[in-house]
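Residue numbers (this note's numbering), protein chains in the order written: chain D, 1 to 332; chain F, 1 to 326; chain V, 1 to 518; chain E, 1 to 294.
One or more hints might be untrue.
[What the hints assert, rightly or not] Result set (DSSO-like, lysine-lysine): computed pairs, CA atoms no more than 30 Å apart in a straight line:
(1) F:K85 - D:K135
(2) F:K85 - V:K173
(3) F:K85 - D:K97
(4) V:K330 - V:K83
(5) F:K309 - D:K13
(6) D:K207 - D:K135
(7) D:K326 - D:K310
Calculated directly from the structure, the hints in this document are not laboratory data.
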Amino acid sequence: MSENMNSPYLSVKDLFVEYYSNDQTVKAVNGISFEMEKGSVLGLVGETGAGKTTVAKSILRILPDFGCQIKSGEIYLDGQDLLSLKEEEMRQIRGNKIAMIFQDPMTALNPVMTVGDQIFEVVKLHNDMTDEQCKARAEEMLETVGIPKERYEEYPHQFSGGMKQRVVIAMALACDPDLLLADEPTTALDVTIQAQVLDLIRDLQKKFNSSMILITHDMGVVATTCDNVAITYAGRIIEYGNKEQIFHHPTHPYTIGLFGAIPSMNGDDEWLHPIEGLPPDPTNLPVGCSFSPRCPYVTDVCRQEGDVPKRITADGHICFCYNMDKVGKEEQ
Amino acid sequence: MGRYILKRILWMIPIILGVTVLVFTMMTICPGDPATIILGSLATEESLAAKRVELGLDQPYLTRLVKYLSDVYLHFNLGSSWISKISIVSELKVRLPRTLVLSLFTTALSFGLGIPFGISAAKNQGKWQDSLCMVIAMIGSSMPNFWLAMMLVLLFAVKLKWLPALGIGAGLAGLKYYILPAFSNFATGMASAARQTRSSMLDVIRSDYITTARAKGVPEKSVINKHALKNALIPIVTLMGTAFGNMLGGALIIETIFSIPGMGTYVIGAVGNRDYPVVQAGTIFLAIVFSIFMLLVDIVYAMIDPRIKALYTAGSKKKVKKEAKA
Amino acid sequence: MKKLASRILAAILIATLSLSLIACGGNGEQTGDGVLDCAVTSGLTSLTPFVSNGGRDAFYWKMTYESLGYMNYNKELTPWVAKEWSVSDDNLTYTVTIHDNVYDSAGNHITASDICWFIGEAVNQALKPVFNKLESWEQVDEYTFSMTLKSNMIGVFEYLMEDIFVVSEAAYKASPDGFATECVSTNQYKITEFVASSDWKYELREDYWGNPEDLCEEIRGIVPAVKFHVIAEASQVTAAFATDLVDYMDGATINIVSEMLNNPDDYTVLQYEGHQGYQLFFSGYETSPVADDVKLRQAICYAIDNQALIDGYCQGLGSMLYDVCPSFYKGYQTSWESEEYYTFNQEKAKELVAESNYDGTTSMKILVGQWGSRVAEIIVNELAAVGIKAEVFSPEAALLMAIRLDGSNYDMFINTIGGTYLPDHWSIRYDPNAYATGDGTSRHDYVLGELLYKTWTVEGFTTENINEVHNYLKDNAIAYGLFNQNNFCVYSNKLTLEKEVDGFTHKCYPFASTWSGI
Amino acid sequence: MSDITVNAAGARPKKKSEFVRIMKELSRNKLAVIGVVLIILEALIAIFAPLIAPYDPLEMNLAETFMKPCAKHLFGTDDVGRDLLSRIIYGARYSLSTGVLAMIFGVVCGLLVGSIAGYAGGQVDNIIMRILDVIQALPGMLLLIVLASMLGGGFLNTVIAMGVGAIAGNARLIRAQIMKEKSAEYIEACDSINCSKFRIVMKHLLPNTISPIIVSASMSIGNYVVLGSSMSFIGLGVQPPTPEWGALLSDARSYIASYPHLVMFPGMAIAITVLAFNLLGDGLRDAMDPKLKH
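Pulled out of the complex, with its shape left as it was, chain D reads as follows (with noise of 0.2 Å):
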């Protein structure tokens, strides 16, 4: 592994993506970059089609064949542009450098196979072993988790959902792999296990060292695991920052927003803030600042054509936004 300081581990750059549907073009990611380094967490949130998971699904070259197609951009991991790989070498990666857990723990698992062997699946794939190293591997992932061994041979319909997600973590970290994309992995999960198996992946990934991609739009989940947080919004990235910036000085009226739209625990006296208006119509973008129609804090710069001027501070907070410097003073 090359231990290059200057170029970092994992950059995304100007990374845009289409989907087809019905003669429609669905501009799914519009022009996403961002770099992260080894061993750190980034967390990715946005609301429901902002494109968070289509970025995962572009590292790892897992979008659907048909009706999809990543325009441009360019991804780099450890240096090496994923992209241009042969699908063959991009085969050996997944799993294995780059793992990802899904979101739907429920649907994510074949029901037709033993937890067992999906685990075993995988590890067999990009190790060289024999079978039995590969199944003791396989179990020794499932004691990782959490589950008993003895569980090997089961199916997924006998497990719980909480229990099928750690089965999905095992399966994602089996082979060790430096770069986790975790999509939203506890959103379909009860409140009271969301937290156990949040905890699992943070101390796993800790113990692996492995670098995470948080995909998520919760805020409180973000806050406890990330260390660097993307904002996204369709289909860009309207802030970036680290988990500090983000939360003590939000800068995008979106980002703002989103803060307003999570009830507060000590703030006893105030409504509840939800954004006004919808996400914007992938197929037919705003011109301008996409956020522009929703915006409190709308000019008409921002509503004039070309790409929203890039916006960094000394601390590397990043925000795409005409008015940031008026943003969130009145309220305050």
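Go by the hints and put chains F, V and E onto chain D.
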């Protein structure tokens, strides 16, 4: 599982009884007088009446039904044909296997070709290959099987002389006699297999666990063959039961064209001759074969899908609704 | 993606290839195996000697059992198992002596008691109507028996002699299923394979009781092995020939041989006049418009273009009829052929329709079996041309059987009736006392009945009487002979006849010819 | 997955009826459109047969039998000199109506039986289902043959036999749908405001259960056309000289090698019709099943 199978086999008894009563009743309603058919239309009224007494046709419907049921189910006596006097059991022994071989061959052929067609269509959804595969599959099923049969005979037997046109042969080499009949009758099954495969593959390919498998780095071939196919097979297996029934039915007509002395020529001829015992016994056995095949389908179903197996093993009262076709 | 499509193609190709590999090594029965393969469209469902009249004249019966006598080329009764017979003065009691050295293939010695037992059983089972005409029968001595008829109707004795099969009572009783699947007979041939309704095979046996040389050509077996193949779907017979499954077929219709007629290089097709002819019978049931309306019946006869039927239905290969029955029948008078017999005449038909009580709107039902629905279709068209409405009613066989004697179900009925003597046909069709419903079409014409009764005794079977019946049927248009379709005998040119048999067609049974190259 | 299912329709405020959506979806499916066009074309041919057909389909001309396709007779003539093209054109009436009528018969009876079973539940349901089990234990073709023999052939009887044969399958399908819908909340809501049972079935349950029926029905029409021709083939179909396509085929079977056109054209007519209905059915299914949308 064993208990479940036993239960299903026991459940077959009332069904088969029902089939017996149904067919018996339908044959009774059928116009046409068996005595006239046996003796010819020149027979005198007295000899016809005597024949009817001999056949028991002078008895009221219920009496005859009860007698037939007790003959068949209490004394295991299917009787003999009214026309040929040949014992029905001895005929069934040689004829049923022929129809079975033909139907199984046909079913295997239609699924053996239909599934790859469906997979290929699903993998290329929306592209020209998709349309091509589906249209090919459908064109086959759009042709009446007897017509296809005559065309195939003309081409492969008469013109190319590759295969025998008619009849049956003995032993393993005799299988070649079933090739044209099977190919004449497989198209409908193949179309529905392809259609079902395509739609359930599309369903499955979009499932999260397929994405999971891809994300694990499973090669595309294994994704399809190992992960997707096995799941997609579940509704296909269900379809296989119905398809086998259709093949069994189709075989009835195909046998006539190919002069195969199987159940089709036997039962259809008997319907025409109002040879009640043969129609009834033939139907009962076809229904038994069909039911057993459906049971096998259910067992295979359980073997593929552990969720169903769990249900069976638990001895759950409600059977999972397999009728719900996609 | 393309890979999969191409793989499917490859799979299909491989499958086809392997199939064709399996297929190699010969299809069907090869010529040169010493077996003559004959096609029939319907065959033996059982080997029992007690059979109904259907398919009575099928030539395989002459290979399965032996009868007391048989009708030779010239329609004369010739002894077979019977050695000689005599008749009483009233033509009612016949005394028959059989050969004393008759043994079946199981070695049972046949005596008169076996014959009497067979008669009794046949009368009991009432399968063939001719046995109903027997009053009594008894064994006289070991090889002689006598039988007395109820009436001395012409042809009954000949029929009986042909229909009494020679079977050993002991052998029959030893059979578990009444010879249904295995039989023992005295015939030169022995059945060595039998699949009901599918195929069966005869082989000459060496221990035949008689001297084959004594047998007449018609029934003398020469071909060592003959196999019959039932091809129920007649359109597949051509394919069976083309694939060498069969080499010979007799009694074929034009539909079956039309392709082979066009291919004289590969097939020899011989044709001969049919034995039955197609007849149109008018319903005698009171509600039918034709029942009591001679003019309408005559109009219908005039409206039918017989030559068109021959052209349209038989592709020109048929002949006109001058009576309801064709010339094959015994009793047929060639003088009829110079008489006027409802020659196609639309003007005359229209006139007669106008004179009749036909209302011009009632649609008349023409009942016909499915084999002959084309004839009815053509007739419907021809009737329409003279203003008579008609429709085809062509039910499946079982239903047809159930209603054919009941004239209330139809107005016309097209059928082919077979027989040897004209009275065979008459007694079936026009005897008002024949059935509970009257005659064959529910008519009660006792004038005609009397004429028939007078004619069909041995003494009354004179030209004069016959002409009377013929004229009555013709003048009153009770029934109308439509046309006679030719029958065909076809064999593959891979076979050759070593010995040309005189007037080969049909008179010669396949086993009785000498074939080479089989 | 959530990102992929982003649907334009979801974001739009206007709400279209399900029917319009399905029709739109269908119109995008080229194969289905081809199917629909073919069906409409055939229906028009059937309706306007007297105007289109060059000859009377029953008119025989014994001087012109077995003519190969030529300018005078585009599809040639049959064994009694009838114009094959005219017969096929008129045959569309019989063959299409066999299929459609049998479908309607089967669906209506199936709806009746299925909704009674599904809605009544309990013992009624149990008894009906057991009867259906018995019927379905017979291979369909066998049932059809026995039924047709029982009814005695002919156009209408063939239709009835095929329709009766289809009842069991349809009823089962409907029942399954009703069972599913019955437990849906809106039905409970109806129950709570005391709607009459009949009203619930007619106004709420049926419309919601009908879509799988529509798909299976449109596909079954094709099957019935083929089945009808098979019935003609084994002599249990229409009465001659009805120019039903199956009857044309089975009449011509003896001439398959010498006059292949007699077998080819009716066969093609059947194949095209069945294909059209299958394409439509397939398209409908894809359109109705949101899972299969791209």
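Status of the hints after comparison with the structure:
1. F:K85 - D:K135: The given pair, whose Cα atoms are some 66 Å apart, is violated under the 30 Å limit.
2. F:K85 - V:K173: 14 Å, holds
3. F:K85 - D:K97: With a Cα-Cα distance of about 77 Å, the restraint between F:K85 and D:K97 is violated, given a limit of 30 Å.
4. V:K330 - V:K83: 24 Å, holds
5. F:K309 - D:K13: 49 Å, violated
6. D:K207 - D:K135: Roughly 21 Å between the alpha carbons, so the hint for D:K207 and D:K135 holds.
7. D:K326 - D:K310: 16 Å, holds
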